[in-house]
Amino acid sequence: MKKILSVVLLFMITLGAFEASAQCKGFAKKICKAALDPYIHDGNFNAAVLTEGEEAELYKTFYSDTEYRIAVCGSEQLPKIEFKVVDANNNVLYSNKDHNYATTWDFKLSSSQQLKIVVKVLTSTTNVENVQSGCVAIMFGFKESK
Amino acid sequence: MANGLGILDAIDNKTIQRLEENVNNRDVIMDIISETFMATSSFLKENDRTAIASIVLVGGWIEGLYIGTSLIDPNNLKDNKLVERVVDQKLSLDIVLKLLEENKNNPDVASVYVEMIELKKVFDKIEIKTSKIEAVTDKSTNVTTLKSTSKQIVTPEVFKELTDKIRSIRSNFIM
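Here the protein sequences line up with chains P and E, keeping their order. Everything in the first sequence is counted per the numbering used here, starting at 1 for the first residue and increasing by one. Everything in the second sequence is counted per the numbering used here, starting at 1001 for the first residue and increasing by one.
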């Protein structure tokens, strides 16, 4: 009974600017979800169309005794995507900028926390006419911590 | 229930059969729940029923809290992982409220919102003290641990109040 319960309570509720359009959800499902393996996808497709230089954020509660993977991916035409994980006091706990813009990050917590994930599409050009837009997805996977 | 919500199209018989066949396999159950959650949530959003999607999400969350609190003796809270996990839900409550706020023009959502505000009043009586977080990466596994200590302060009386409030909200959901 308790095992099932922990599954139910693990359903982390997210909130942010990510409201998946049908187009971006398909992208997230086809491209981004595979990056979560061997973690179990939490069932949320957080995806949105972003333009170069644009930033979006979402909030999510992460629990102790669980290991997580965050996967961030963007459409091919977009430049690199920066993502950082920030705590309730705005301290940056991780930034993929320090890790060659890695697209995944694996972590666990010794106590449960609500964290903010901020993603930003970098700018590749100064020419306004060439600014690109595309889908950006943030996906979460989890597994029981050993 | 799925029929009543009009989401049967998002849940096929194969899924139900797979769930029945793997009732003792936690990983498979997690996978099935994740997939089903994704399918129903997408189905509702694509059909312009985001208000229902938010109620379904909150309903599932309340059900988890109901089962959890039902298994806990309020007079025996010490060193109980389940108590810890129930109290952790305080962290998600603001997200729940913001989610409902987005659809508050729907009368059903508005009514759930009022109940969540009541629930917040009880959760606010519980204190969670957390130390500064330190990120430490294990080079061999490449997994980072966010190290911090956390102390939850909850009395048996407040936990009982929380249990009663959750029970009452759950009753309104299933009526």
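Among these hints, one or two may not hold up.
What the hints assert, rightly or not - Quick list of in silico lysine-lysine cross-link-like pairs, BS3-like style, CA-CA up to 27 Å:
hint, chain 1, residue 1, chain 2, residue 2
1, E, 1045, P, 33
2, E, 1104, P, 25
3, E, 1078, P, 84
4, P, 116, E, 1129
5, P, 33, E, 1151
6, P, 116, E, 1147
7, P, 116, E, 1125
8, P, 143, E, 1165
9, E, 1151, P, 30
10, E, 1129, P, 29
11, P, 84, E, 1121
12, E, 1151, P, 143
13, E, 1120, P, 116
14, P, 84, E, 1125
15, P, 120, E, 1125
16, E, 1104, P, 143
17, E, 1045, P, 29
18, E, 1129, P, 143
19, P, 116, E, 1151
20, P, 116, E, 1014
21, P, 120, E, 1014
22, P, 84, E, 1147
23, E, 1129, P, 30
24, E, 1014, P, 29
25, E, 1132, P, 97
26, P, 25, E, 1098
27, E, 1125, P, 143
28, E, 1139, P, 29
29, P, 143, E, 1147
30, P, 80, E, 1139
31, P, 25, E, 1045
32, E, 1045, P, 97
33, P, 120, E, 1132
34, P, 97, E, 1129
35, E, 1121, P, 143
36, P, 143, E, 1081
37, P, 84, E, 1139
38, E, 1081, E, 1104
39, P, 80, P, 97
40, E, 1125, P, 33
Derived by calculation from the structure, the hints in this document are not laboratory data.
Check: When you check the alpha-carbon spacing of residue 120 (chain P) and residue 1014 (chain E), does it fall within 27 Å?
Finding: 40 Å, violated
Item checked: Pair hint outcome, residue 1129 (chain E) versus residue 30 (chain P) [Cα-Cα no greater than 27 Å] -> Answer violated: residue 1129 (chain E) to residue 30 (chain P) is near 41 Å, above 27 Å.
Next item on the list: With a cut-off of 27 Å on the C-alpha distance, tell me whether residue 80 (chain P) and residue 1139 (chain E) pass.
Entry: 25 Å, holds
Note to self: For residue 1125 (chain E) and residue 33 (chain P), compute the direct alpha-carbon distance and say whether it is at most 27 Å.
What the structure shows: Given that 27 Å is the threshold and the Cα spacing comes to 39 Å, the pair is violated.
Check: Between residue 1120 (chain E) and residue 116 (chain P), is the straight-line Cα distance small enough, at 27 Å or below?
Finding: 21 Å, holds
Checklist line | Pair hint outcome, residue 84 (chain P) versus residue 1139 (chain E) [Cα-Cα no greater than 27 Å] | finding: 20 Å, holds
Next item on the list: Would you check the hint for residue 1045 (chain E) and residue 33 (chain P), treating anything up to 27 Å between C-alpha atoms as holding?
Entry: 20 Å, holds
Note to self: Against the 27 Å threshold, does the CA-CA distance of residue 1078 (chain E) and residue 84 (chain P) hold or violate the hint?
What the structure shows: Between residue 1078 (chain E) and residue 84 (chain P) the Cα gap is close to 36 Å, so the pair fails against 27 Å, i.e. violated.
Checklist line | Pairwise hint evaluation, residue 1129 (chain E) against residue 97 (chain P), where the allowed Cα distance is 27 Å at most | finding: 31 Å, violated
Next item on the list: For the pair supplied as a hint, residue 143 (chain P) and residue 1147 (chain E), confirm whether the alpha-carbon distance does not exceed 27 Å.
Entry: 18 Å, holds
Checklist line | Agreement of residue 1139 (chain E) and residue 29 (chain P) with the hint, judged by alpha carbon distance not exceeding 27 Å | finding: With a Cα-Cα distance of about 30 Å, the restraint between residue 1139 (chain E) and residue 29 (chain P) is violated, given a limit of 27 Å.
Notebook entry, point to check: Is residue 84 (chain P) within 27 Å of residue 1125 (chain E), Cα to Cα?
Noted result: 32 Å, violated
In summary, the structure is inconsistent with hints 3, 5, 8, 9, 10, 11, 14, 15, 16, 20, 21, 23, 27, 28, 32, 34, 35, 38, 40 from the numbered list given earlier, while agreeing with the others.
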